[in-house]
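Participant: Build the full structure now, drawing on both the sequences and the hints.
If you use mature numbering (1 follows the signal peptide of the UniProt record, and there is no 0), the sequence shown corresponds to residues -21 to -1, 1 to 103, in order.
Please note that a few of the clues may not be correct.
[What the hints assert, rightly or not] Distance condition first, Cα-Cα at most 25 Å in a straight line; then the derived DMTMM-like pairs of lysine to aspartate or glutamate:
hint: 1; residue 1: Lys35; residue 2: Asp81
hint: 2; residue 1: Lys66; residue 2: Glu90
hint: 3; residue 1: Lys34; residue 2: Glu90
hint: 4; residue 1: Lys31; residue 2: Glu41
hint: 5; residue 1: Lys58; residue 2: Asp29
hint: 6; residue 1: Lys58; residue 2: Glu41
hint: 7; residue 1: Lys31; residue 2: Glu90
hint: 8; residue 1: Lys88; residue 2: Glu41
[What the hints assert, rightly or not] Now the in silico label distances, taken between C-beta atoms and shown as ranges:
hint: 9; residue 1: Phe7; residue 2: Ile48; range: 32 to 40 Å
hint: 10; residue 1: Lys94; residue 2: Val2; range: 14 to 22 Å
hint: 11; residue 1: Ser42; residue 2: Asn11; range: 43 to 51 Å
hint: 12; residue 1: Leu(-16); residue 2: Gln33; range: 38 to 46 Å
hint: 13; residue 1: Asn61; residue 2: Asn10; range: 38 to 46 Å
hint: 14; residue 1: Thr(-15); residue 2: Asn6; range: 36 to 44 Å
hint: 15; residue 1: Lys1; residue 2: Met(-21); range: 51 to 59 Å
hint: 16; residue 1: Asp60; residue 2: Gln33; range: 18 to 26 Å
Hint data in this document are derived by calculation from the structure and do not stem from the laboratory.
C-beta atoms are modelled at their ideal positions from N, C-alpha and C, and glycine is treated no differently.
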Amino acid sequence: MKNLALTLLAAIALSSCSSNKKVATSNFDPNNNPYFVKKDKTTRAGEVNDPKIQKKINTIIESHLGISISSIAISPITKTDNGYYWKFLNVRNGSSFKGFSDLKFNTVKIEKNNKKEDTQVSDF
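Facilitator: This is the structure:
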């Protein structure tokens, strides 16, 4: 009985490995799909993608709040004529801030965004 079962398993394994393989193709066309969002490869005017600057701003935020960067949501960093501008949010308690800096990070200013009293927060 064991020999029959082993022979049957070997036959199934050989037949499944030796069948014709076809490459899966898709007829997906993002131009005709209303739910597909194309992302532009270009960045917005003034947006900074330099990893050194992003790391510097991350360390500034971490030292200001005293928590890990994994608990912070950061907006894109914008370069202005006077320096850099960014927004960030402490996801643990919902506090939001604005950050400003000159181009050499000599002066850094962080302001807390005050929530309005009549703002309602609801779960959907």
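Participant: Could you run down the list of hints and mark each one as holding or not?
Facilitator: Going down the list of hints, with the structure as the test:
1. Restraint check: the Cα-Cα separation between Lys35 and Asp81 comes to about 12 Å, which is no more than 25 Å; the hinted pair holds.
2. A distance of roughly 9 Å separates the Cα atoms of Lys66 and Glu90; the hinted pair therefore holds under the 25 Å criterion.
3. Restraint check: the Cα-Cα separation between Lys34 and Glu90 comes to about 20 Å, which is no more than 25 Å; the hinted pair holds.
4. Between Lys31 and Glu41 the CA atoms are separated by roughly 15 Å; this keeps the pair inside 25 Å, and the hint holds.
5. A C-alpha spacing of about 11 Å is found between Lys58 and Asp29, which places the hinted pair at or below 25 Å, so the restraint holds.
6. A distance of roughly 20 Å separates the Cα atoms of Lys58 and Glu41; the hinted pair therefore holds under the 25 Å criterion.
7. A hinted pair counts as satisfied when its Cα atoms are at most 25 Å apart, and Lys31 with Glu90 qualifies at roughly 23 Å.
8. Note on Lys88 and Glu41: the hinted pairing holds, with a Cα-Cα distance of about 14 Å set against a maximum of 25 Å.
9. A beta carbon spacing of about 36 Å between Phe7 and Ile48 agrees with the range 32 to 40 Å that was offered as a hint.
10. Take Lys94 and Val2: their Cβ atoms lie about 55 Å apart, and the range 14 to 22 Å is violated.
11. One distance hint, 43 to 51 Å for the beta-carbon pair Ser42 and Asn11, holds here, with the actual separation near 49 Å.
12. Checked against the hint of 38 to 46 Å, the pair Leu(-16) and Gln33 fails, with Cβ atoms roughly 60 Å apart.
13. Our hint of 38 to 46 Å for Asn61 and Asn10 holds, since their Cβ atoms are close to 41 Å apart.
14. As the Cβ distance of Thr(-15) to Asn6 is approximately 42 Å, the hint placing it in 36 to 44 Å holds.
15. At about 37 Å, the CB distance of Lys1 to Met(-21) disagrees with the hint of 51 to 59 Å.
16. Hint check: Asp60 to Gln33, Cβ distance near 20 Å, so the stated range 18 to 26 Å holds.
Violated hints, listed in ascending order, are 10, 12 and 15; each of the other numbered hints is respected by the structure.
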